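Enquirer: The residues making up each chain are set out below.
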Amino acid sequence: MTDITSRPPLLEVRDLAVEFADADSVVHAVNGVSYTLREGETLGIVGESGSGKSVHVLAMLRLIPMPPGRLAGGQVLFEGRDLLTLSDPELRKIRGGSIGFVFQDPMSSLNPSMTVGRQIMEPLMLHLGMGAEAARKRAIELMDMVRLPDAARRIDQYPHEFSGGQRQRIMIAIGLSCRPKLLIADEATTALDVTVQADVIELVKELKREIGMAVIWITHDLGVVAGIADTVQVMYAGRVMERGPVDDVFRDPRSAYTLGLLRSLPDLTAPAGQRRRLTQIDGAPPDMRFPPPGDPFAPRNRYATPRCLTERPPLEQAPGAAPGHLAAAWYDLPSVLAAEALS
Amino acid sequence: MSQIETGQTENSAEKKPYPLISVRNLSKHYALRSGWGFKPSVFKAVEDVSFEIMPNETLGLVGESGSGKSTIGRAVTMLNPPTSGVVAFEGTDLTQQSERQMRAMRKRMQMVFQDPYSALNPRMTVGDFVAEPLLIHDIAKTAAERKDIVAELFRKVGLEPRYMARFPHQFSGGQRQRICIARAIAVKPSFIVADEPIAALDVSIQAQVVNLLQDLQEELGLAYLFISHDLRMVRYLCHRVAVIWKGRIVEIAPSELLYGNPLHPYTRRLLSAVPVPDPAIERARTRLPQVSGLTEGPDCHALVEAEPGHYVAREALGGGA
Ligand SMILES: Nc1ncnc2c1ncn2[C@@H]1O[C@H](COP(=O)(O)OP(=O)(O)O)[C@@H](O)[C@H]1O
Ligand SMILES: Nc1ncnc2c1ncn2[C@@H]1O[C@H](COP(=O)(O)OP(=O)(O)O)[C@@H](O)[C@H]1O
Ligand code: SF4
Ligand SMILES: [Mg+2]
Ligand SMILES: [Mg+2]
Numbered sequence: 001m002t003d004i005t006s007r008p009p010l011l012e013v014r015d016l017a018v019e020f021a022d023a024d025s026v027v028h029a030v031n032g033v034s035y036t037l038r039e040g041e042t043l044g045i046v047g048e049s050g051s052g053k054s055v056h057v058l059a060m061l062r063l064i065p066m067p068p069g070r071l072a073g074g075q076v077l078f079e080g081r082d083l084l085t086l087s088d089p090e091l092r093k094i095r096g097g098s099i100g101f102v103f104q105d106p107m108s109s110l111n112p113s114m115t116v117g118r119q120i121m122e123p124l125m126l127h128l129g130m131g132a133e134a135a136r137k138r139a140i141e142l143m144d145m146v147r148l149p150d151a152a153r154r155i156d157q158y159p160h161e162f163s164g165g166q167r168q169r170i171m172i173a174i175g176l177s178c179r180p181k182l183l184i185a186d187e188a189t190t191a192l193d194v195t196v197q198a199d200v201i202e203l204v205k206e207l208k209r210e211i212g213m214a215v216i217w218i219t220h221d222l223g224v225v226a227g228i229a230d231t232v233q234v235m236y237a238g239r240v241m242e243r244g245p246v247d248d249v250f251r252d253p254r255s256a257y258t259l260g261l262l263r264s265l266p267d268l269t270a271p272a273g274q275r276r277r278l279t280q281i282d283g284a285p286p287d288m289r290f291p292p293p294g295d296p297f298a299p300r301n302r303y304a305t306p307r308c309l310t311e312r313p314p315l316e317q318a319p320g321a322a323p324g325h326l327a328a329a330w331y332d333l334p335s336v337l338a339a340e341a342l343s
Numbered sequence: 001m002s003q004i005e006t007g008q009t010e011n012s013a014e015k016k017p018y019p020l021i022s023v024r025n026l027s028k029h030y031a032l033r034s035g036w037g038f039k040p041s042v043f044k045a046v047e048d049v050s051f052e053i054m055p056n057e058t059l060g061l062v063g064e065s066g067s068g069k070s071t072i073g074r075a076v077t078m079l080n081p082p083t084s085g086v087v088a089f090e091g092t093d094l095t096q097q098s099e100r101q102m103r104a105m106r107k108r109m110q111m112v113f114q115d116p117y118s119a120l121n122p123r124m125t126v127g128d129f130v131a132e133p134l135l136i137h138d139i140a141k142t143a144a145e146r147k148d149i150v151a152e153l154f155r156k157v158g159l160e161p162r163y164m165a166r167f168p169h170q171f172s173g174g175q176r177q178r179i180c181i182a183r184a185i186a187v188k189p190s191f192i193v194a195d196e197p198i199a200a201l202d203v204s205i206q207a208q209v210v211n212l213l214q215d216l217q218e219e220l221g222l223a224y225l226f227i228s229h230d231l232r233m234v235r236y237l238c239h240r241v242a243v244i245w246k247g248r249i250v251e252i253a254p255s256e257l258l259y260g261n262p263l264h265p266y267t268r269r270l271l272s273a274v275p276v277p278d279p280a281i282e283r284a285r286t287r288l289p290q291v292s293g294l295t296e297g298p299d300c301h302a303l304v305e306a307e308p309g310h311y312v313a314r315e316a317l318g319g320g321a
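Sequences listed follow chains A and B, in order. Counting with the working numbering, you get residues 1 to 343 for the letters of the first sequence. Counting with the working numbering, you get residues 1 to 321 for the letters of the second sequence.
Just chain B, with the same shape it has in the complex:
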């Protein structure tokens, strides 16, 4: 068994809303040229990952750097298509779409990245930058119409519309990230992958961006895949959280179950390392050592439902599994 059964378990078969995005057995392999290239080997960056995101839901992806989080984000938006697996978005398998069909789908899913500065074009006014997808997707007919839409988008993300004519270098990091978010929502997507969107921002500015993401979710019914190494912010923002370890999901659960009752030794170790801004808690804490004692066998990576909605890799459950 190598497939997880989120959403399809018996007790949830009764009228569960249809997932917005359903990822099944997604893998991404990179060819590594070894030696002189006669014997290409394969690096499995992401292996057999399955999850779903509901409309209006935020799923967090956490895990150490190199674990495959960005690869997953870029695979589900087909920016860097998966090697195998299914990405069903609003009922359509994106991996089977032609380039043309995909263009229309792209409108529905957008990405926001860590470094808002490199995402912006230094020679383009931020107004034109936000308007660009409207042009590409032929959304607004006239320049005047586009301008109105962009002004409205600026207001939505908390920027004054009169800044439209300015260039990226005239903005702070937090403002730039809001410009990128304005562009992302310009095409009225239903889903946004946010890959470390607050990592480069000052603590005081992170709150602005997180509040904005929450407000937009409420207002526009957006779903997010929120990739972050800030495990406390993930707990705060995300409805469910998936823990990625060595290219696989080892645990996925509603946030409070994952943080309150972590079952996989890797999740426990990760959570035990998160610094808490409270000196008394910090003094009392114990950190967990490297992961050990996992079982090894053909089914070990399969996820099992340990409590309602809380899935963990079988390897974590010990011999009795």
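For reference, chain A alone in the conformation it holds in the complex:
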């Protein structure tokens, strides 16, 4: 593997903050998220539901309805240009062109009154300047690629004529159609069967090899992250709790929330009958109308120190961890765990 950190940055997110306001309260959905994604890098993002994973990528693409949403600050530099301040026409050139995206709910993303073929062809004609005939041919190839059977015939059908899994694959075909430099996928395979999910992930990996595409892959499935990501980022309460090379984060987690996620999965290495009980994380995430002053995970964290409750830890290089392995924690998880093992 070539060292990712030596590649040029493609996307720089700086202190992104997003809020939702209604008459009597403000939800602090994303609270100062910063990271750099390099060319060809795959970033897997995991985290509790409601932790701001979707909102932060929607905000980057300026797809948040405003109001009730509003940008509370930040920059999103894509190839050096701030997506948050680009003119609308310039943004439209990037969105769906050099940035492809696939979101969770295909029904709300597809236009019900337009054939799927037209919807796949549209970005090809708009962004790549293809003629109708070439675009149609390419659309059929794309449908084949995402394993939609009988593409040549079904290209003229409407979204409702496809199953949920098939519609999601149509969205993936659209997301990949312009050979983007960056693909953003938000729970794109969550509703698919594992076999179809595996096919889609293979396809994404192939395209990465072929065109050097970078990927932001949001999922709740740590197995999928392990299989697809170079870098993993763990989010909680609108913040990045931990981020680093995928092997290091899985082997040597430094945030108690990451550890909790990993331990809540069944460990199947021990023989049946001798497996440890699943470790549950009790409690609930904070109400983001009233973000806590300290580490947002502290109330659920048995390793929290008094400082964790009052003062917010910065996201910093974790001591003794691999370079680029960052964590936001006042406690030092390896020493806490070592002490626990001794007692």
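Simulated from the structure, these hints should not be mistaken for laboratory data. Since the model is a prediction, treat every value here as computed from it, not as a measurement. Mixed in with the good hints, there may be bad ones.
Said to hold, decoys possible - To spell it out: a stretch of chain B is covered by chain A in this simulated footprint if at least three of its residues, at any positions, have a beta carbon under 8 Å from a beta carbon of chain A; those stretches are:
no., segment
1, 199–206
2, 264–273
3, 291–302
Even glycine gets a Cβ: it sits at the ideal position worked out from N, Cα and C.
Starting from the structure of chain A, add chain B with the ligands where the hints point.
Expert: This is chain B with the ligands only, laid out in the frame that chain A set:
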């Protein structure tokens, strides 16, 4: 031969405990109206499925969406009765019961679903929701008695009894699922069908529900039919696992045999696609292609015992079968 012989094979004829539920040749067909409806065709959602579940046992059902898992779950609880076949529960064939007789049986078998929110009634306090089956089945005589039972049920599923007066929207997804489980165990069933009970929950919350199901099994001697697409959780939780493919069981075995030595090409393909939360394993893995090379003939769907307790459709065994 179209019937499987689980539990009735020679070597297990010696004092095997009696199965709690025994499903024989269960089929569920749906009429499809084609064209103008003059020529009704039939869609075979589930075809000739047989299995048993022992008291205190968890049987997992896995397979891709549309393979018939939920249909099987709803057929064995008679929520959506089968087109044909036998569902013997505690020795009684449910398919032959009158509506009245069935009401009494229903108490013994409960269901828990994927979406705890839509299962709850938004205008009913969660305490009343849990108490409802006690009323329906005339279990507690007085309101005070009911309240005591519900408080105890709340404690059992790890909820504070003082939450009884609250409404569903005041609870998180994991808490709602526990409320549904409390209601399911209120009538002291011996069998619960859990259809994707953790699919809608956060990873950190799934563990709570799985631990609860295990604790309740131990405490109350429950048997489960656990339907899930999370194949790793199924391996962890289930004693035996049945793989459903196109409405049929193609393989059924104790979990460790099924996962350790999958015999049907579909099972192998399915297992090869399961993501493993370990980057080193993920890098090294190979995924298997579409299923091919199955034999075709009148007996191909019959299950044969390939090793003790491990049954696989004959089609998987190639020409020599
Ligand atoms: N349109 C909206 N109006 C108000 N609040 C919203 C809206 N969209 C998202 N939120 C809130 O923003 C927070 C982050 O949500 P989201 O990014 O969707 O979480 P996830 O990490 O599960 O993708 C949540 O508290 C959510 O309720
Ligand atoms: N009421 C119905 N009428 C017609 N077809 C149905 C009905 N219910 C389910 N089916 C079909 O039966 C098959 C099996 O469905 P289901 O048991 O829900 O699968 P699973 O739970 O494995 O996803 C699917 O193809 C589904 O479309
Ligand atoms: S192929 Fe083999 S198993 Fe299938 S029907 Fe013919 S003889 Fe029987
Ligand atoms: Mg989301
Ligand atoms: Mg189902």
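Enquirer: Closer than 8 Å Cβ to Cβ for three or more residues is the test here. Does the segment 199–206 of chain B pass it with chain A?
Expert: Per the Cβ count (5), the hint holds.
Enquirer: Three residues minimum, CB to CB under 8 Å: does the segment 291–302 of chain B make the cut for coverage by chain A? Let me know.
Expert: That given contact is violated, which follows from only 0 residues of the segment 291–302 of chain B lying within Cβ reach (below 8 Å) of chain A.
Enquirer: Check whether three or more residues of the segment 264–273 of chain B sit with their beta carbon closer than 8 Å to a beta carbon of chain A.
Expert: Coverage by chain A holds here, the residue count being 4 at a Cβ distance below 8 Å.
When held up to the earlier numbered hints, the structure conflicts with hint 3 and nothing else.
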